[in-house]
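**Q** Those protein sequences? They're chains A and B, same order as listed.
For the first sequence, the residue numbers in the working numbering are 16 to 411.
For the second sequence, the residue numbers in the working numbering are 1232 to 1374.
List time: in silico DSBU-like cross-link candidates among lysine-lysine, alpha-carbon distance up to 35 Å:
1. A/K199 to B/K1233
2. A/K276 to B/K1267
3. A/K199 to B/K1267
4. A/K37 to B/K1233
5. A/K357 to B/K1267
6. A/K270 to A/K357
7. A/K357 to A/K278
8. A/K406 to A/K270
9. A/K406 to A/K357
10. B/K1267 to A/K270
11. A/K406 to A/K278
12. A/K37 to A/K199
13. A/K276 to A/K357
14. A/K406 to A/K276
One-sided excerpt, in silico: chain B residues whose CB lies under 10 Å from chain A:
15. R1235
16. G1242
17. A1243
18. A1246
19. A1247
20. K1267
21. F1269
22. T1292
23. P1301
24. A1311
25. G1323
26. L1336
27. L1352
Because the hints were derived from the structure by calculation, they are not lab data.
Every residue, glycine too, gets a C-beta built ideally from N, C-alpha and C.
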Amino acid sequence: MVQRTRTRLSRLDPVARIPWQKFERLRRGPLREGAFTSPLHSERVAARLGLVLGVLFTICFLTGLVSHFMQHQPGWLHWPTTPVWLYRVTQGLHVACGIGTIPLLVAKLWTVYPRLFAWPPARSLLHAVERGSLLLLVGGSAFQLVTGLINVARFYPWGFFFTSTHYWVAWITIGALVIHVAAKITVIRRGLSTPLQQDRRPGSLSRRGFLITAGAATGAVTVATVGQTVTPLQDLAVLGQRHADIGPQHLPVNKSAVEAKVKRDPVYRLTVDGPRTVVLTLAQLQAMTQHTVTLPIVCVEGWSASAVWTGVRVRDLLDLVAAPHDAEVEVESMQVRGLYRKSSLHTPHSRDDRTLLALRLNGAELDLDHGYPCRLIAPNRPGVQQTKWVKRLAVS
Amino acid sequence: MKTRIVFIFLGAGIAAYGIHGLIGATSTHALTSAVKWFIGGALIHDFVVAPLVIVIGVLLTRFIPPFPRPFVQAGLFVTAALTLVALPFLSGRGYRATNPSALPLNYGRGYAIAVGVVWVLTGLVGLAAFARSRYRAKGARRR
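This is chain A alone, in the form it adopts within the complex:
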């Protein structure tokens, strides 16, 4: 029965009817049988590399979702304020796993390279679809790693908006990865359960040596960059995008005042709009009860640095205007243009004791580049949402 259905299906399948034997003379160069002789082109190596890549891609995907939904917070999501280092870890992992994946992906593509020239090119429609999905997987993986890395280096040689494109291509890549694992599961199992074996040909890397080399390359690029997140290792991070001590008041800046076109305002006022409206001068803000917290600035680009902030609790300001407890607060900057001139503060962040409008940083008046006269600093929140040069809090 099954056999008959299959035969009938294959009669309907235009790909299965292609008479590949007639095209035998096209099999030249890499398409020849046995064109690739290295024992490294082996499913044992591919399965092992693939397993690690699968884990790293999953970490990147999940931590990427965390970052996405923190910045586009749906109503049902209440992102916690504790532990304060949670986003530092998830976003640090996102970037570190992405960078560490680069050598492994190169190694994996090298291992399976002969499969690109497999003959016949497609045995059936399903086989053709499966091979086609590899374009999505390879294209998507390369896209995510390359654009992610270049974006971290603050350079945008493309015509698309990085953030949303990186987000959507992540879905494409993960979907293609699910297809790939499902289609290859038998090969993966066989590859993983077969020992690498002695395949040592004098004068070339063994399979084991190749895997060790790929791991060493991941180690090398990790050591050269991870100090941007794991600050004790920062002096090793020769390719780090930031150094936690370099910047005004020994703290890096993502957007300087010059870039945001913000100047010192001698008649600065903070407006707090709620059921009541209160307008405060800088002196009045300084006269309110001051609190000091140690919180990190965590950039979506993966770097982070801890600092000591002193200022007024946002909840005290909300109480001044009798804002409802669960009110959402819009924090608006003096910056006139830019995607990140406003941010939304939800509960529990808006009511957390550690959420401040900071006036001081590391014991001194806030530098203009850090948001003078005052900036938002809240626990467990991406840096782009720690609005600088705050001029208005609006309760909705």
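Position chain B relative to chain A; hints supplied.
**A** Showing chain B alone in chain A's frame:
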């Protein structure tokens, strides 16, 4: 087999969601650029990078004696990985004088140090392997 088919459709659904979202989120101009980078990555790997690696492999076989060759291959691979990661920083294209705390390091110097360390370590591992093989050969002769 059934589970596999289910997962293949699940994966296709996820990928279709991404494609749909991508098309909806961007202008035609931005989409064209994204598609170029998407396809370009795969094509450049398959038809430039991989053949180049094969050529380098052939050159190594021709010009490097068999003993240190695996170590040279390994050292080159790690160097290539470091180079890929360093390139956007080395290009200096992201640096802005208006924000000196972003990309604050001397990346040329850092890259040179990293590559230097890689080759020193590769050399040491190679020497250790050489010493071990000599030692083994001696032991075999004594027996």
